[in-house]
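Okay, here's what each chain looks like letter by letter:
Protein chains: 4
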Amino acid sequence: MLRLGIIGATGYVGAEIVRLIAPRDDIEISVVVSNSFAGRPFSEIYPSLRGIFDKTCESLDPETISDKADFFITALPHGVSATIIPRLIENGRKVIDHSGDFRFRDVKVYEEWYKVTHTAPELISRAVYGLPELYRDKIRDAGLVADPGCYPTCSILGIAPALAAGIVSSRNIVISAVSGVSGAGRKSELSYSFCETDENFKAYGVANHRHTPEIEQELSLICGEKVIVSFTPHLAPMKRGMLATICLDLSDASMTAEEARSVYLDYYKNEPFVRILPPGELPQTKAVVGSNYVDISVNVDKRTGKLIVNSALDNLGKGSASQAVQALNIMAGFDETKGLLTPGPYL
Amino acid sequence: MLRLGIIGATGYVGAEIVRLIAPRDDIEISVVVSNSFAGRPFSEIYPSLRGIFDKTCESLDPETISDKADFFITALPHGVSATIIPRLIENGRKVIDHSGDFRFRDVKVYEEWYKVTHTAPELISRAVYGLPELYRDKIRDAGLVADPGCYPTCSILGIAPALAAGIVSSRNIVISAVSGVSGAGRKSELSYSFCETDENFKAYGVANHRHTPEIEQELSLICGEKVIVSFTPHLAPMKRGMLATICLDLSDASMTAEEARSVYLDYYKNEPFVRILPPGELPQTKAVVGSNYVDISVNVDKRTGKLIVNSALDNLGKGSASQAVQALNIMAGFDETKGLLTPGPYL
Amino acid sequence: MLRLGIIGATGYVGAEIVRLIAPRDDIEISVVVSNSFAGRPFSEIYPSLRGIFDKTCESLDPETISDKADFFITALPHGVSATIIPRLIENGRKVIDHSGDFRFRDVKVYEEWYKVTHTAPELISRAVYGLPELYRDKIRDAGLVADPGCYPTCSILGIAPALAAGIVSSRNIVISAVSGVSGAGRKSELSYSFCETDENFKAYGVANHRHTPEIEQELSLICGEKVIVSFTPHLAPMKRGMLATICLDLSDASMTAEEARSVYLDYYKNEPFVRILPPGELPQTKAVVGSNYVDISVNVDKRTGKLIVNSALDNLGKGSASQAVQALNIMAGFDETKGLLTPGPYL
Amino acid sequence: MLRLGIIGATGYVGAEIVRLIAPRDDIEISVVVSNSFAGRPFSEIYPSLRGIFDKTCESLDPETISDKADFFITALPHGVSATIIPRLIENGRKVIDHSGDFRFRDVKVYEEWYKVTHTAPELISRAVYGLPELYRDKIRDAGLVADPGCYPTCSILGIAPALAAGIVSSRNIVISAVSGVSGAGRKSELSYSFCETDENFKAYGVANHRHTPEIEQELSLICGEKVIVSFTPHLAPMKRGMLATICLDLSDASMTAEEARSVYLDYYKNEPFVRILPPGELPQTKAVVGSNYVDISVNVDKRTGKLIVNSALDNLGKGSASQAVQALNIMAGFDETKGLLTPGPYL
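Chains as they are written, first to last, in my numbering: chain P, 1 to 347; chain S, 1 to 347; chain A, 1 to 347; chain Z, 1 to 347.
Quick list of in silico lysine-lysine cross-link-like pairs, DSSO-like style, CA-CA up to 27 Å:
id, chain 1, residue 1, chain 2, residue 2
1, S, Lys-338, P, Lys-338
2, Z, Lys-108, P, Lys-302
3, Z, Lys-55, A, Lys-269
4, A, Lys-55, Z, Lys-338
5, P, Lys-302, Z, Lys-115
6, Z, Lys-55, Z, Lys-68
These are calculated hints, taken from the structure and not from any lab test.
Produce the entire structure from the sequences given, and follow the hints as far as they go.
Written out as structure tokens, the structure is:
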């Protein structure tokens with residue numbers, strides 16, 4: 001039985017990983033780490049888990065912790081991850097990190113957007129970007145996987161097929177995306193209080209959100225040119241779910257939606273978690289929330305010559321927790337879909 | 001492999017049963033029946049199931065249908081169930097019915113509250129009330145199980161221990177309960193539209209809700225006296241979840257909360273899905289939604305001499321769909337908890 | 001023009017008072033006090049008021065402040081009010097206080113439930129409980145009015161007519177009430193964050209909520225006997241609104257709903273803000289949110305001999321802010337309904 | 001006193017107009033027309049208005065109706081308006097129509113997008129597009145005003161200053177906009193039911209929404225060139241509110257946000273309802289819901305050379321009902337801001 005440790009376990013991403021792994025009989029969550037709740041049972045913080053997962057939270061001491069598991073998933077703030085993970089790696093543990101610390105190939109890009117100095121740059125070259133649809137083989141052999149951001153997963157999966165096939169320009173990519181509130185984490189800030197958030201919609205991080213360079217890095221690698229995107233995130237009054245509306249300039253303005261859609265179907269033909277919707281259907285977050293699926297629609301706006309792609313996923317699912325579990329399945333040699341084919345609750 | 005048919009499958013209860021059963025390898029959903037959507041794939045109505053459960057819906061023809069499964073779960077309107085189930089029973093099928101048709105021992109009570117004439121009264125004596133905590137052994141051998149209502153499940157489980165132990169009076173029982181909107185079913189009525197329902201709270205069915213006599217029947221059987229309850233249901237602006245606040249007159253006003261709580265702990269000591277909360281904790285719907293659990297707190301109001309019980313469950317879980325699956329597990333000889341120990345999503 | 005000062009202005013009650021008063025031409029909000037936001041324009045905290053009410057918040061220095069207005073509404077935490085108000089009163093200002101500090105006639109009851117020592121007990125006898133339906137004439141001449149709590153307003157108005165007319169017993173009163181989240185104030189606690197609150201329903205303060213003795217005080221005064229109530233508050237996933245479901249034992253079990261309803265109609269026949277609903281209608285929070293109205297329905301449960309009263313109001317309206325404005329209108333000699341006949345937004 | 005008739009009064013736009021006008025003493029709502037609810041008091045459909053506006057709804061008979069008011073606001077489905085309004089105009093009434101019927105200068109554009117034949121094309125040239133910020137003087141003298149669509153109001157006001165000043169290209173305009181559910185009207189369709197809508201986010205009308213040509217018409221008139229826009233609407237789980245995120249190509253990529261913002265400040269310097277937010281602030285729907293304000297932020301994305309404009313309004317406010325009242329104020333010679341400077345409720 002694989003022993004899994006979760007560090008930063010009491011945040012929403014950590015708790016979702018617990019929810020996904022707790023019922024499995026091939027993985028044991030052998031240690032859950034949370035400085036804020038050390039000494040308290042996990043189910044006291046998440047009462048939905050009472051009687052299901054009552055393990056006591058431990059403090060974050062890398063030395064003590066690293067013996068307690070074979071694999072670790074770290075859900076820590078950026079900057080903190082880079083101080084903890086080196087010790088785990090040295091001790092021979094495999095790590096999936098959910099922060100931004102190991103997502104960037106160019107440390108300067110990271111340092112510019114995150115406004116910190118990277119404390120473990122030597123690990124960057126060993127890290128694999130944990131998007132199985134692009135890097136499945138590398139994930140299999142990786143010792144350190146950087147779990148992608150939610151907006152990047154949603155955006156990259158929506159753009160990759162068109163860019164790879166050259167049916168759209170690599171310039172003038174406009175992404176407008178929306179997240180549920182859990183994307184901000186388990187926070188007690190006033191601006192995320194119910195009264196301030198409910199029934200409210202807003203944009204944020206206009207022209208400066210940190211997921212922008214992450215999207216650009218991967219798109220640039222796909223098409224071999226430096227890609228700059230216009231990315232605007234928004235906050236919608238819902239707990240979970242993410243949807244991106246992507247406007248791309250068609251290379252050939254006479255391309256039909258069916259032709260474009262077949263490019264996507266082909267690109268993802270072996271992917272278990274990407275669903276290209278039939279013509280006339282559009283993605284909606286409730287069809288993917290609670291699951292590892294991403295739903296994508298492909299439409300052509302003949303009047304403007306644009307390809308309009310909509311992609312939806314769960315920011316706590318394919319956008320973070322379940323994608324980490326997918327990577328874990330790959331790294332550990334399990335069936336990649338193990339424990340992940342369960343549908344979300346719809347309601 | 002057990003073959004299960006779901007009749008009335010495209011309602012919310014039916015869809016939740018599909019969600020729970022689809023990932024299992026010991027049960028095959030061999031037929032899904034929906035007159036409204038006959039000929040259309042199930043995943044077209046519930047896109048969360050796309051690629052997971054795409055079976056085509058069939059029309060409701062009992063003769064054709066009954067050969068296609070060994071067990072049936074019927075999620076039909078009351079009155080309709082009673083016209084369909086006799087044929088299934090005759091053909092040797094086992095049935096779990098989610099309507100009110102077979103929940104009452106006294107057909108007159110049913111007819112008075114439901115304002116219809118029962119068309120299959122001969123089956124009533126063979127039906128077992130499907131609350132495993134009260135009738136586990138009878139369910140095991142039953143050919144027809146009446147899946148309890150959501151309010152009755154929530155109320156009866158909250159009152160049974162106190163009444164059975166005689167620590168409260170059987171008179172002056174006051175139940176105030178709240179349901180999420182899915183309790184009304186998958187409906188296109190204006191009063192359940194988003195704009196009319198969101199951010200709104202109201203009572204309904206004051207002094208005349210049909211779940212009242214169902215609660216009274218079971219409580220009367222527990223204490224051996226005719227019990228009359230005051231029951232007021234309410235609608236809260238949320239999709240799923242139910243919470244009951246129950247005021248009971250303590251027989252001995254000096255009883256402490258700890259003493260009362262120990263009565264509950266003892267009563268449910270072998271129950272896998274009933275969680276008696278520790279002192280100081282109160283149930284909340286988000287801890288049970290998406291699961292088969294019911295959370296119960298027991299408090300004493302010394303000033304009024306009342307026992308205050310709060311019980312929470314998921315109206316689409318322990319209040320209907322997953323409770324039906326629990327009964328199915330029992331009837332089919334599976335482990336009763338099979339597929340039901342998965343925690344709900346919390347968020 | 002009357003000069004009004006609002007102390008504790010940036011909480012939700014204060015902001016609602018600003019919203020109600022800002023458009024009026026007979027009252028000038030001459031000073032807004034908020035220690036947390038001193039020096040910042042009010043509309044920076046509440047951007048809905050940008051261009052409408054941009055006055056800068058001031059610090060809470062009673063001496064400086066008291067010259068700046070004729071009337072003050074204080075929306076401060078309990079305990080704090082009692083330390084500030086004496087100076088305002090000494091300086092000849094009239095005060096409407098929204099804390100619990102001056103609602104109780106018996107200081108011991110206050111101190112027992114609020115767990116503090118009252119620092120200005122000498123003012124208690126001069127304070128008038130600010131429920132116009134009960135104390136209109138006393139409010140008119142008062143120098144210090146205690147704005148009632150939201151649950152007490154909702155409960156007392158729902159019970160007063162029946163108790164005053166003697167058609168129900170003063171014993172065995174059971175109140176189950178539900179509030180929107182704004183009732184907790186403008187708070188950055190995790191338990192009121194969107195993700196923890198949305199789609200969740202729970203009870204809280206079981207058998208120990210501080211509004212209990214306030215309800216009991218006023219009901220006791222109405223019927224001339226010591227009244228003890230069972231009161232259970234709940235939190236619903238909505239911003240505003242409150243609904244109480246009240247179970248009362250009918251003195252004469254043969255009384256009809258129509259007879260009971262006529263008692264209520266008669267009791268409130270001259271009240272501009274109490275609406276007794278027609279038979280068959282039940283109150284809902286969306287009909288009162290954003291307004292000073294309270295909607296009440298009266299039903300009889302013949303089976304249990306109980307009178308079931310439902311009353312709904314806006315916890316930020318008749319439950320606090322607009323009720324304070326109603327008292328201000330009375331104290332200042334304005335038409336009592338001035339600025340308060342505007343309907344809420346319904347949606 | 002001006003007599004106002006509202007036709008199609010029981011929809012959400014009509015009800016909001018009633019809410020805005022009912023408290024005024026310079027306008028009497030002399031007749032409310034609703035075929036669905038003829039003979040029933042308006043406050044039965046909208047119980048928030050009980051005791052405030054109880055007038056009985058009348059059937060839609062243009063001949064009978066037209067005598068009963070001086071001005072009419074029609075909130076009817078497109079196509080229906082064009083059959084009713086001619087008679088009102090003939091009888092000398094002034095009309096503000098909220099359908100799409102009279103918004104287009106070119107009847108062919110209307111007929112192509114709305115898929116109907118216009119039955120009163122002769123009135124088109126007499127209709128004025130009711131956006132006061134663009135057509136205040138024409139509205140003053142108009143007999144027929146076409147109340148603009150919500151998305152067009154939000155988009156045009158967000159783009160007009162930049163396009164008029166020539167600081168952005170008229171090509172490659174990308175608008176991603178989000179509406180609350182009330183934008184769909186008062187509907188009992190399943191897809192707008194609470195359970196299907198709550199906690200869900202989706203795009204709709206991709207590349208074919210009818211508000212597209214309305215936006216294009218007005219932008220083309222502003223810049224004197226034919227403008228084609230990419231417009232994608234979305235539905236967010238909230239009752240009211242609209243936000244547009246607009247990406248425009250800067251003519252001069254070195255322009256700063258401050259320079260662009262000053263263009264907007266100048267353009268709207270005399271507008272009472274347009275608020276250009278200070279640098280660093282972004283609009284949010286809760287700041288405008290319930291009001292006639294539109295909040296606009298102007299940012300520059302230096303990396304892409306784009307101007308990012310965010311504009312927010314209330315789809316039932318400046319996007320429909322209160323904008324109609326603004327037009328009415330202008331047409332009737334009242335102060336344009338009469339009854340419209342009230343802030344929204346924020347919560």
